[in-house]
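Residue numbers (my numbering), protein chains in the order written: chain A, 2 to 407; chain B, 81 to 595.
Don't take every hint at face value.
[As the list claims (entries may be wrong)] Going by beta-carbon spacing under 8 angstroms, a handful of chain B positions derived as facing chain A: (1) P411; (2) T423; (3) I431; (4) L455.
Because the hints were derived from the structure by calculation, they are not lab data. Note that this is a predicted model, so its numbers are computed, not measured. Where is the CB? At the ideal position from N, CA and C, for every residue including glycine.
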Amino acid sequence: MSNDSPTFIGRLLSSVEFKLIFSWLLVVLATMALDTNHTYWDSPGEAAQLVLRQTVLLGFFALGSAIIIISGGIDLSSGSVIAMSATVFGSLMIVLDPEGFRQGHVSTVAVVLAIAGTLLVGAMVGTLHAWLITSVGLPPFVATLATLVGLRSFSRGLTPTLTGGKSQIDFPDADLRDVLKDVTSISIVFVLFALVLWILMSRTVTGRHLQAMGGNEQAAKLSGIRTDRMKWLAYVIGAVSASIVGIIMFADSGSAKPDAMARGYELNAIAASVIGGCSLQGGLGTIPGTILGCLFLRTIIDAVQKIVGAGSDVFEGMIVGIVVVVAVTFSQRGGGKLVGKRFFSNEIGWTVIPALGLLSGLSYLLFFGNREWYAPYQAVVVFFVVVSTLIARAVMESFTKSSDAP
Amino acid sequence: MTSPIISIEKISKHFGGTRALHQVSFDVMPGELHAICGENGAGKSTLMKILSGVITDYDGQLYIDGQPVEFRGTRDAETMGISIIHQELNLVEQLSISANIFLGREMRSGWIFRNDRDMHQAASELLRSLDCDIPTTRLAGSLRVGDQQLIEIAKALSLHSRIVVMDEPTSALTESEVKRLYRVIAKLRSQGATILYISHKMDEVFDLSDRITVMRDGQFIQTLTTKQTNPRQITKLMVGRDIESLDLGPRPERGDKILEVRNLSLAWPGHARGYRLKDISLDLHRGEVLGIAGLMGAGRTELLECLFGASEIAPTGEILLDGDSIMPRHPSEAKRWGLALVTEDRKRLGIFSNMNVGRNLSICAMREATIGPLLSDAKERDVCDAMVEKLKIKTAGLEAPIGSLSGGNQQKCIVGRWLQTNPKVLLLDDPTRGVDVGAKAELYRVIRGLCSEGLGVIVTSSELPELLTLSDRIMVLSEGRKTAEFAIEEATQELIMEAATGGWQPSEGLVASDD
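Work the whole structure out from these sequences, hints included.
Here's what the structure looks like:
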C-alpha cells in the first residue's frame, strides 16, 4: 500500500490487523489482572512459550486454510489430513528403516525421505481435492467433507497393518522428537513458511490471481486466468500445510493416534482465518491477519483456561464459537455497530432471549462452580440480569426507527 | 360500448436514474387479446410487473373494472383475478405439478394436514381442460419447458383469473407446443378471459391479437386495431426512436482483414430449437466496427463468448485470426491470440468489487507490472496511471474502490484492463448498458479512437441508434441465425428491426386451429 494516501493512519486504525493487536493486548492485560495464579507475572517465558507453540501449530494449517478461503473455496479436511500425515510419516519411517525404528534411532536419510514423502502425500490429497472440485464438479464443501471422513478412516486402517495390530504408532526416536517438537525450531520453520506465503499472496501475480478468483470467479476466468490451476495450487498449499502440522504433532504428542488426533481442528483453522479478516465469500483476507487471528484465538483460549482454572480444553469449543460470532459480527460490511441495529425486536429475537439468558447462567455455573465464593443464587441472578437487559434492549429497539429496512 | 377492464393512467416508474416508464396510459377491453410490442427496454415487462403486483411503488393510477386499485403484492393482484405467466417460469422444480399449482394456498384437511389427494385431483382436472394428461405427481423440474408453461397457465386457471398476462410465452417452445398454446389461448378466450400478450414476434401478434399497443423507451406510442395495420407499420412504430446526432469525427480507414468466422454453430442440448447459434459467418477488418443487432435471446452474447473461448460447450466451425485457424477453448487462450472481451453483465462478470480501481485495471496483464517474479507497486501504478490518462477515467485515484466509480467509468476500467494486453480484436458486449448519456458518448469516442489505432472491434447493443452511430457494418441475428448484414449507408432502424423480428410470413399451420 502506498504511504502517500491521506487516510493512511485512518486505514491503519480501521484494519483488521490493528483491531486484532489491540484486542490481543486487552486479553493479555485482562489475564494478568484476573488470573489468580498470576502465571503471566510469575513465569512469563513459560506462558509465552505455551501460547507460541499452540499458535504456531494452528498457524501452519490456518494459513493453508486461509489461502483456500481467500481464493473462494473451503477446506474441511485439515484435521484428518493432519492425522493421516502423522500416520504416513510414522509408516514411512517403519518402511524405510525398520531396524532403526525398533531400536529408537531412525537414520537421517530415512527421516528426510519420510518427511518428503509425507509432504508429497499431502500434495496428492490437495490434488485430489482440486480434481474433485474442478473436473468432477463437486462443491468444495462436499469434496473436502468426503476426505474429512475418508482419510481418517484410511489412516486407522493403515496403522495396524504396519504396527502389527496396534491402533497407534509411537514416535521412535527421542532425539529426533526433541528436534521436531522444539518450539524454537518449529517457530523458525513457521516464520519461513509464513513469509513465503505472504510474499506469494501480496507480491506475486499468482497471489493476485488467487484473490481475484475468490472475489469473482467468473470474471477471473473471463479475464484469462486459469482458475482450475489456481484452485489446484490453493488446495495443494492447504493440504501440504496440514501435512507439516501432522509431522510436528506426531513428535509433539509422542504418538500418532489416527482415531483421535487433531479431530475438529479444521474448524479452528477456518475460525482463525475468519477472525483474521478472511471472508468466507472469498476475495478478502491477508496472511498477517490470519496469523494474528491464530494468536488472538490461542491467547483467549489460554486466558480463559488461566482465569477459570479449568486447566483443560473443555471450554475451547465454546470460546472459539463465541469469538467467531463476535468477530464476524463486528467485521461485517456495514455491521460492527451496536447502535441502530435491530437484534431482538422481531419474533425470533424475543424467542432467543431466554436461550441467551440460560446460556449465560449455565456458563457462570460451569466457570465458577468450583470457587469457594460461589453460590447457586448467583447463576440465577446472572440469568435474570441478562434476560432483563436483553428485554430492555428489545423494547428500546422497537421504539426506535430501524435504519436497515429489510 | 363496454367499459375497459383495465385502465392504465399516467403510470411512471424509475429505477434509480433510469426511466423505465413515463406517463403510460391505455385501456384494455374485456375479453380481448391485447398484444404489447416494443424493443428491448421499451418498458413492456416493467408495466406487466406493475399490473401483476410484482412492482408496487410507481406513480400513476391503475383501474380494474373502473375501480382504482393499489396492489401490495402479487397476492392482491391474484385476488383481483390477474395472473402473469413470466418469461422465466416460477416453478419449484423439486415439487410435484399439483404442489406447484397450489403453492402458498394448499388445500388442507382439518387444521394440520395437507390434502394432497384433493390437490392432485383438482390439478388433474385443470390439466385435462388444457389437453394435457401428465400425471400431476410428477416433479415440475422433470417437465419440458412447454409443459412447465402449461402448469403456470393451469395455476392461473385455478385462481379463476379473468386477466392473464403472458410475457413472451413462445420463446422456448417447439412448433407443436406453440400450436397447443394457441389452442389453450382460444380456450381461455372462450371462457371470457382477457389476455395481455407480450411478444416481438410479428407472426404471433398478427395471428392472435385483436389490438396492438406499441411502446418505445418507456412511453406509450399507439394502440392499433390489428385488422387495420400491418407488421411493417408496427416495426416502424417500435423503432421510431430519435437518433442523437453525435459527431465522432471521420471514420478510420478500413485495413486488412483480421478476423474471419466460418459457419460457427453452437448446440443447445435440451432445447426445442437445438442450437444457440447456427452457421454464422462474418469478417472483421482492422480499424472497423462491426455491429451486431438482435433482440433478447438472438445469440449476440453467445456469439462473442464462442469467439472468446468462454462458451460452456465447444462451438463448431472455423475462426481465423490473421489467417491462423484458432478455436480458443479458454479465455486465456483467446487472450494469448490477441482477443479481448468486455462482458455484458458488468457486475457479475466484469468487476472485482473488493479490489480497487488500480487492481481492476491491471488484472489482465499482471506480467507488465512485475520485476522478476515479484509485483512492483511502482510499475503497476505507472501502467494503470497511463490507462486512466488514456481513457480519461474519472476516479479519486487508483486506491479508490471500484464501486465508487460511475457505471461508465467502471466500463472504461474494464476496457482499459483489456487494452493492457494489446489486443488485435476487441469484443464489446452491450458496452453502454446502464451507462448514462454523457458517458456513452465518451465510450463511443474511445471505441473510435481504438479503431484508428488499428484494432478491429465487434460491438453488440440492444440500442439500434447506438449501433448506427458506432458501426461501419451491422449484422443482424434472429434466434441464433444471421438474417441480414448491412453496410452503414444502407442500414435503417426499420430494416434492422425487420430482420431481427424474423420478418413476417403468414403461417398457415398456426392460424386459428380452434375451429
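Now for the hints, and whether the structure bears them out:
1. P411: OK, holds: B:P411 within 8 angstroms of chain A, min 5 angstroms.
2. T423: Hint on B:T423: holds, closest Cβ of chain A at ~6 angstroms, below 8 angstroms.
3. I431: Holds. Min distance 7 angstroms.
4. L455: holds, 5 angstroms
Every hint, counting from the list given before, is met by this structure.
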